[in-house]
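J.: Keeping their order, the protein sequence lines are chains A, B and C.
The first sequence runs contiguously to residue 350 in this note's numbering.
The second sequence runs contiguously to residue 334 in this note's numbering.
The third sequence runs contiguously to residue 293 in this note's numbering.
The hints are simulated quantities; they were obtained by calculation from the structure and are not laboratory data.
Mixed in with the good hints there might be a few duds.
Only pairs whose alpha carbons sit at most 25 Å apart, straight line, appear in this in silico DSS-like list of lysine-lysine [as the list claims (entries may be wrong)]:
(1) K132/B <-> K230/A
(2) K21/B <-> K168/A
(3) K131/B <-> K235/B
So the chains spell out like this:
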Amino acid sequence: MSATVAQPIKPWRVNFKQAWPEIAGAIFAVVLTYAIVSATPLKGKLGFFVTLIFVATIVAAGISWLRRDRKAAFNSVSTVLVYIAGLFVIVPLASILYEIVRRGIAGLSWGMFTTDMAVTASDAPLSEGGILHAVVGSLYVVLIATIVSVPIGLLTSLYLTEIKGKAASTIRFFVQAMSGIPSIVAGLFIYAIWMIALGNQYSAFTGAMALAILMIPTVARTSEEVLKLVPGDLREAGLALGGTQWRTVAMIILPAAQSGLITSVILGIARVAGETAPLLLTMGGADALNLNPFSGYSSAIPFYVWKNFSMGTELSIQRAWSGVLVLMIIVLIFFSITRLLSNKKGRF
Amino acid sequence: MNTAARTLPPKRVITTKPRFSDKVFRAVVTSGGFSSLVILGLISIFLLINGLNTFKSEGFKFITGFEWYGPQLDAGLPAQYGIGAMLYGTIVIGLIALFFGFPIAVGAALFLSYYAPEWLKKPMVLVVDVMAAIPSIVFGLWGYFILMPHAEYWAKLIHKYLGFIPIFDMPAPAFSRSPFIAGLVLAIMILPIITSISREIFAQTPLDRIQAAYALGATKWSMIKSVVFPYGRGGVIGGAMLGLGRAIGETVAVYTVLNIVYDINIEVLLSAGGSVASMIVNKFGEASPEEVKALMAAGFVLFLVTLFINFLADLIINRTARKG
Amino acid sequence: MSTIKGVEKMSQPNPVNSLASVAASRPQHVDSKHVAGTGLEARNIHAWFGDKHVIDDVTLDFYPGTVTALIGPSGCGKSTFIRILNRMHEFIPTAAMAGEVLLEGTDIYKSGTDVTKIRLGIGMVFQKPNPFPSMTIKENVLSGLKLAQLKVANQSELLESCLIRAGLWNEVKDRLDEYGGALSGGQQQRLCIARSLAVSPQVLLMDEPCSALDPGSTLRIEETIRELSASMTIVIVTHNMQQAARVSDRTGFFLSDGGPGRLIECSTTSEIFSNPKDKRTEDYVTGRFG
């Protein structure tokens, strides 16, 4: 056995010998930026980053040009810029999540989930009052919006995938356009039709109708994507077994797409749970718990945040941040459920 | 095939008598499918009939006018409703948002598609998706309390060094709640949608063209410039327009970080701007029934503008996506 | 399957004879006593997709108790033809047809026909095994009953008999409550056959049922087909001439010369492989083209 055994190598991997100019360049860029920032009024983290962009670009271009040619210099510059763009997507999210937790945690307590603001002023100490009314209101609004919009959204997606009528492409187009309606317009519309024309009052139900308008296109579009993934030969197999279209859809298509359809519903919920603008026009914004979703002023978490932020006192802003923290936790829980469901591989 | 002229039999008309249950099923599903059309129709009808009086009494001034006040009884002046300044402000903050958001979003999409190491791709996509799920009120609060102090400082720097350019000029030292800051917040808010659409379009770039470019000795950048961009241009532009549509319709986030003033100022760093959507929320609370109708008219204009932008965007994206 | 074909071609200088011997060595049995139904007759079938004429004037009888194989190169309209036989053709929006398909002497395209009843009488097995993903093995087999709202006195008996006839019983009898997707490809296809049998069709159409399977599973399915053929009418579309020779009693050869597909000739399988009347059939079965 004297023959040498071939060792797997990856000669295309960048090793230190090739990469040292880049590494040195990166260090040099950071040091230079630091020097520039401390010598000029470009202070702060943002200042550092913006300066770093320019410095890093110039340094990268310089190194590549010296080592190779102009083409390589362009390549290096674009690489640096693209990496920075990637960084710019992460930084705001990290900052948002960090600040929400940092500022919201102070006002967070179990007590806040058991009381409302009926007898508490916004700038009362945080130990008093709570968001029970807003949580209940949000629950109502989201639940009713789901009940109203899911059947419509699902039927729309079934029309697009199962019936494939003559109007399918038109409807697909309009559903896409509908998903871009500003939320304030949905609020105005419900105000016009439900309150002005039909004479109803502010209530959780009214708010839910506005949210339903925003939720329908989300549910319809994601469900359509899901139903499109169900293999066509399952449909044919159902029909070939003597099933009617209705029974084939009900017994085979919908069960096969089940987890995806649930995902689309939850995605719709995540989309509307944090909506604020339409609720400002339709819910009245109560401070007390209102258990009747069909009449009387109600609140919701985004409304609560808005109201307390608008007060502008130190303690009310504290309350607003706690509300935001609760809202974000709820939205992220829904979001994680959709991830878990869609990561579970479909059974087709 | 054409050796002998034969007459083919006529195509049979295949008639099926669907079962009753299928008839019901098809009727229900079809009516459900048309409901979104109906809703869109109802939206335009109801906003239009509510706003009709305003459109009539204000005429074209509704679009061009700068004034917005109810009837001033003591001065004997009739009401004036004009959203010109707000429309201008909406366009300004939309463009600022695109100016900052678009390059970053496309860069991020390129990063995700061609630069990011494999282990980073999934978490990055998650980051983008989470960002899309953040409620606008959260962006509003974050923009007001965290971004604004930074942005103000930068606004001052820009004014100090670039103040000779008219749009960076400053008539009064009021740097907070400016169109510049609102645009920055919107830029972050529209990042996810432009990024994810661009990424989808980039992912459809034919692999053989990419490999052909590399085989001709292209660097990554020249490959992107010569293959990816020409292929995905339409889709990326469509994504940018969808982002613009979002920015134009955004309400509470803009309202929290923008000082709404009924005037046209070209100085984007000044604490005075406008946005149709935010103006509606701003005025709605204390509006008289008549003013509410004027707000409906404003909502109708906003609806038409966003619908138009979205239509155009979808058209462009669909055409790019189909090009294959 | 092409490798097998290649091997055979190299070792056997005269493939016509080899396939013919395969066809001839099969037990010929037409035992009409236990056969369900009276077969299926296709009369002057034409088919179009939009303006494209894809099948030209095909008349073909399928006899009870017989396996009829439809062979021919891709794009010759065999799959379209078999889909016309149980009205699956009309699912393609641009599709049109002319001619008649007679089941027990009645045209299945006659206006006012209840399509779902037709498809109950004429079952179909597809190219790719497609057990319903949301159902267990048991539910899959009995799904046709639910879909067509049929009542059966003894479901477990039906379940067992269908699985036995499909040759799957011994492999799955202890795991009837598992999901169909857990089975191997060949088992899944036999599950699909069992599923079709549960509604007791007179005719079973099979559209390249083995093209997605490995050779072992293919042989197993062919065995099943042979066993089933005693009691029903079977039509099988196949790319694979060896398969046609192994399982079928009769073979129809389809060909398209760039225009619509035509039936070149149809005869007993041994005749097609040993003594084809048409030059083009001979060229095809000897592997000179296609």
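J.: Decide, hint by hint, whether the structure agrees.
T.: Hint check results:
1. K132/B <-> K230/A: Between K132/B and K230/A the Cα gap is close to 24 Å, so the pair holds against 25 Å.
2. K21/B <-> K168/A: Holds, because 21 Å separates the two Cα atoms, which is no more than 25 Å.
3. K131/B <-> K235/B: 22 Å, holds
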